[in-house]
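Undergrad: Sequence:
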Amino acid sequence: MSGLLALLDDVAGIAKVAAASVDDVFGQAAKAGAKAAGAVIDDAAVTPKYVHGFQPAREIPIVWRIARGSLKNKLLFLLPVGLLLSTFLPWIITPLLMLGGAYLCFEGAEKIAHLFAPHHKDADEPSDLTQDPAHLEEAKVAGAIKTDFILSAEIMTIALAQIPESNIWFEAATLAVVAIGITVLVYGSVALIVKADDFGLLLAQKGRLSPTRALGRGIVKTMPTFMTLLMIVGTAAMLWVGGSIVIHGLEELGAGWLGHTIHDLAVAAAHIFDRAEGFVEWAVTATLDGIFGLALGLLLIPIATKGIVPLWQRFRGSSTSA
Numbered sequence: 000m001s002g003l004l005a006l007l008d009d010v011a012g013i014a015k016v017a018a019a020s021v022d023d024v025f026g027q028a029a030k031a032g033a034k035a036a037g038a039v040i041d042d043a044a045v046t047p048k049y050v051h052g053f054q055p056a057r058e059i060p061i062v063w064r065i066a067r068g069s070l071k072n073k074l075l076f077l078l079p080v081g082l083l084l085s086t087f088l089p090w091i092i093t094p095l096l097m098l099g100g101a102y103l104c105f106e107g108a109e110k111i112a113h114l115f116a117p118h119h120k121d122a123d124e125p126s127d128l129t130q131d132p133a134h135l136e137e138a139k140v141a142g143a144i145k146t147d148f149i150l151s152a153e154i155m156t157i158a159l160a161q162i163p164e165s166n167i168w169f170e171a172a173t174l175a176v177v178a179i180g181i182t183v184l185v186y187g188s189v190a191l192i193v194k195a196d197d198f199g200l201l202l203a204q205k206g207r208l209s210p211t212r213a214l215g216r217g218i219v220k221t222m223p224t225f226m227t228l229l230m231i232v233g234t235a236a237m238l239w240v241g242g243s244i245v246i247h248g249l250e251e252l253g254a255g256w257l258g259h260t261i262h263d264l265a266v267a268a269a270h271i272f273d274r275a276e277g278f279v280e281w282a283v284t285a286t287l288d289g290i291f292g293l294a295l296g297l298l299l300i301p302i303a304t305k306g307i308v309p310l311w312q313r314f315r316g317s318s319t320s321a
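Heads up: the sequence shown begins at 0 in numbering that gives the first Met the number 0, then just goes up one per residue.
Any given hint could turn out to be false.
Said to hold, decoys possible - Okay, the calculated beta carbon distance ranges per label pair:
no. : residue 1 : residue 2 : range
1   : Ile231    : Asp196    : 17 to 25 Å
2   : Leu84     : Gln54     : 21 to 29 Å
3   : Leu297    : Gly206    : 45 to 53 Å
4   : Arg212    : Trp256    : 56 to 64 Å
Quick caveat, the hints were computed from the structure, so don't treat them as lab data.
Ideal Cβ positions, reconstructed from N, Cα and C, are used throughout, including at glycine.
Modelling step: build the complete structure from the supplied sequences, incorporating the hints.
TA: Structural data, given as C-alpha cells:
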C-alpha cells in the first residue's frame, strides 16, 4: 500500500511539474505575443483588402485559406528556421530583429507618405475583378499568404527574442503557442470584420425590433470609420514597435545613447506628474520611439523604392526568364 501511495505521490509531483511547464509556456507566449503588437494589428488591418470584391459566400472560405497558409508559414517554415538560428547562430537574432523593426518602420512611414502622394498599385496584387473569379481568388490568396509570410516572420522573430534562454523544446512549444494563438486572433478578427457589414445589413433589414434595426444601420455606417481607425492604430503601432525594436537592438550592439536619451526624457517628463508617472513615462517613450520609427521609415522609402525594389524586380525577371 505504501508503495502505491509513493507511486501516486510521484505521479502527482510529475503532474505538477508538467502543469507548471505548461503555465510557463503559455505565460511566455503571452508576453512574446504582446511584444509583436504592431505586426499583429497591421496583419489584421491589411488582410481584409484581399477579400474585397468577392461574393459574400466566398469571404469566410478565403479568410480560412489565408489563415491555413499563415499557420503553415509559421509552423512549417519560420518556427524551425527560428529554432535553428537560435541554437546555432544566436548572434544573428538581434540583427534580424532590427531588420524586421526597420521593415515595420518602412511600412508605417509608407502608409503616411501615401496620404500625400498617389498610392502606386502593387504589381503582385491583381485588381481586375472581371477576370475568372477562381483565378482571381487564387491570386488574391497567394498574395495574402506572401504578405503574411513577411509579417509572420516579424512576429516570430520578435517572439523568439522575448523567450528567456532555455531548452529547445520549451522554445519550440512557446513559439508554437504564439503561432497558433496569433493566427486565431488575427484571422478570427478578420472574419468578424469582413462579415460585420453583412451582419449589420441583416439586422437592419430583418430585425423585428426597432432598436435591432437601428443597431444594424449603425454597424453598416460605422464600419468605414472603424477600418480607418484600425489602419491609424496599426500604423502608429508599427512605428512605435518598429522604432523601439531598432533602438533596443542598437543598445544590444553597444550604441545605447539614443535609448538612454529617450529613457531620461521620459523619466524627466514623468516626474512632472504625481499620479500618472508610469503612464506618462510609457507614453513619452512610445511617442519618441514612434517619431524615431517614422524618421527611419521615411529615410528607408527612397532606398527601398529606388534601390531594393528595382533590384528585386530585375532578379525576379531574370529568374522567370531562366
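Undergrad: Now, for every hint given, state plainly whether the structure supports it.
TA: Checked hints:
1. Ile231 - Asp196: 17 to 25 Å: holds (20 Å)
2. Leu84 - Gln54: 21 to 29 Å: violated (42 Å)
3. Leu297 - Gly206: 45 to 53 Å: holds (48 Å)
4. Arg212 - Trp256: 56 to 64 Å: Holds, since Arg212 and Trp256 (Cβ atoms, about 60 Å apart) stay within the stated range.
Figure legend: structure checked against the earlier numbered hints; the only hint not met is number 2.
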